[in-house]
Amino acid sequence: MLVLTTDQARAFADHLASLHRATIVAPSDPAAVGARAIIAALAHLSPALDEIAADLETHLERVSVTIPTPTGSLILLSPSAVADPWLYAMTAAHECQHAAQREALGWGQVIIDYVASTELRARAEADAYSVGLYVGYLLTGILPLASEAMSSLASATYHLAPEDIELARGVVESHLEAMASGLPPPIAVAVEAHAWLSAL
Amino acid sequence: MRLILLALLLSACPRLPPVSGCNPGAQSCVNNAPHICSTSQRWQRAGDLACSAVGGMCLVSDGRAYCAGLNH
Numbered sequence: 003m004l005v006l007t008t009d010q011a012r013a014f015a016d017h018l019a020s021l022h023r024a025t026i027v028a029p030s031d032p033a034a035v036g037a038r039a040i041i042a043a044l045a046h047l048s049p050a051l052d053e054i055a056a057d058l059e060t061h062l063e064r065v066s067v068t069i070p071t072p073t074g075s076l077i078l079l080s081p082s083a084v085a086d087p088w089l090y091a092m093t094a095a096h097e098c099q100h101a102a103q104r105e106a107l108g109w110g111q112v113i114i115d116y117v118a119s120t121e122l123r124a125r126a127e128a129d130a131y132s133v134g135l136y137v138g139y140l141l142t143g144i145l146p147l148a149s150e151a152m153s154s155l156a157s158a159t160y161h162l163a164p165e166d167i168e169l170a171r172g173v174v175e176s177h178l179e180a181m182a183s184g185l186p187p188p189i190a191v192a193v194e195a196h197a198w199l200s201a202l
Numbered sequence: 116m117r118l119i120l121l122a123l124l125l126s127a128c129p130r131l132p133p134v135s136g137c138n139p140g141a142q143s144c145v146n147n148a149p150h151i152c153s154t155s156q157r158w159q160r161a162g163d164l165a166c167s168a169v170g171g172m173c174l175v176s177d178g179r180a181y182c183a184g185l186n187h
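These protein sequence lines are chains A and B, in that order.
Each residue of the first sequence is one higher than the last, beginning at 3 in our numbering.
Each residue of the second sequence is one higher than the last, beginning at 116 in our numbering.
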């Protein structure tokens, strides 16, 4: 088990964010107000975004979000995510995976893929949840269960159909099997997280 | 501006992999990376690195594709 202070959790999160052009905004930060305004504006830009954006606006108290922008990503952590150093680190790693996806696809394509395809949304979230689970595994030494991610992925937050949830389950279980065999999941942010935490 | 953004969103398409005809739920190793067959019969990659990048190799065992250690 690895003891992590709040300062270390913040340093870990800032390190991952810096690798993927992301800025982490804590709930108490005045920039969080601006981020919420961006989400509200997105909801009004397109009917295609309206449902997801409206849900995120409603759930920002407990759900952290990554907003892709033309210049990088804005990570808005929820109050519950910053209440505990382990949860802070796990959540930040999850959101940094979304920032990495934005870097790989470009900000326009990452939005289109996420909004217009539940299949691609399921895959993207499964990778992000797996990064969070892996950080939890590194901190606690306890191999996580797929059910820890699947209950969140199956919730109304992500609007995934049962067949998309099964795809996500396949992705998460593949990553958990890699962890069980002593390897990080094959995700760049997971490798970066392992390197940083190993140096503590 | 709003119309331009709306037109952009409507004209753009999600970047899905090609339909391969795979069996939904099946798992496979493609280019040394685990893939899962989606309901639309597309191979969706798990992760964004090849298994070699984490010191392993892709393996299918009991129907599950994953990165395993080289001494597996």
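It is worth saying that the hints were derived from the structure and are not from the lab.
Be a bit skeptical, because a hint or two may be false.
Claimed, not checked - Derived DEER-like restraints, expressed as beta-carbon distance ranges: (1) B:M172 x A:P32: 46 to 54 Å; (2) A:V35 x B:R179: 43 to 51 Å; (3) B:V134 x A:A106: 35 to 43 Å; (4) B:P132 x A:L21: 22 to 30 Å; (5) A:S157 x B:T154: 31 to 39 Å; (6) B:N146 x A:A156: 27 to 35 Å; (7) A:A39 x B:G136: 39 to 47 Å; (8) B:T154 x A:L4: 20 to 28 Å; (9) B:V134 x A:P32: 44 to 52 Å.
Said to hold, decoys possible - In silico contact screen, one side only, chain A against chain B (beta carbon under 10 Å); selected entries: (10) L21; (11) Y116; (12) V117; (13) L141.
Unchecked claim - Stretch-level coverage of chain A by chain B, calculated; a stretch enters the list once three of its residues show a Cβ under 8 Å from a Cβ in chain B: (14) 26-33; (15) 66-79; (16) 83-97.
Beta carbons: idealized from backbone N, C-alpha and C, even for Gly.
Outcome of the hint check:
{"no.": "1", "hint": "B:M172 x A:P32: 46 to 54 Å", "verdict": "holds, 49 Å"}
{"no.": "2", "hint": "A:V35 x B:R179: 43 to 51 Å", "verdict": "holds, 45 Å"}
{"no.": "3", "hint": "B:V134 x A:A106: 35 to 43 Å", "verdict": "violated, 22 Å"}
{"no.": "4", "hint": "B:P132 x A:L21: 22 to 30 Å", "verdict": "holds, 26 Å"}
{"no.": "5", "hint": "A:S157 x B:T154: 31 to 39 Å", "verdict": "violated, 20 Å"}
{"no.": "6", "hint": "B:N146 x A:A156: 27 to 35 Å", "verdict": "holds, 30 Å"}
{"no.": "7", "hint": "A:A39 x B:G136: 39 to 47 Å", "verdict": "holds, 46 Å"}
{"no.": "8", "hint": "B:T154 x A:L4: 20 to 28 Å", "verdict": "violated, 39 Å"}
{"no.": "9", "hint": "B:V134 x A:P32: 44 to 52 Å", "verdict": "holds, 48 Å"}
{"no.": "10", "hint": "L21", "verdict": "violated, 13 Å"}
{"no.": "11", "hint": "Y116", "verdict": "holds, 8 Å"}
{"no.": "12", "hint": "V117", "verdict": "holds, 8 Å"}
{"no.": "13", "hint": "L141", "verdict": "violated, 19 Å"}
{"no.": "14", "hint": "26-33", "verdict": "violated (count 0)"}
{"no.": "15", "hint": "66-79", "verdict": "violated (count 0)"}
{"no.": "16", "hint": "83-97", "verdict": "violated (count 0)"}
Violated hints, in rising order: 3, 5, 8, 10, 13, 14, 15, 16; the structure is consistent with all others.
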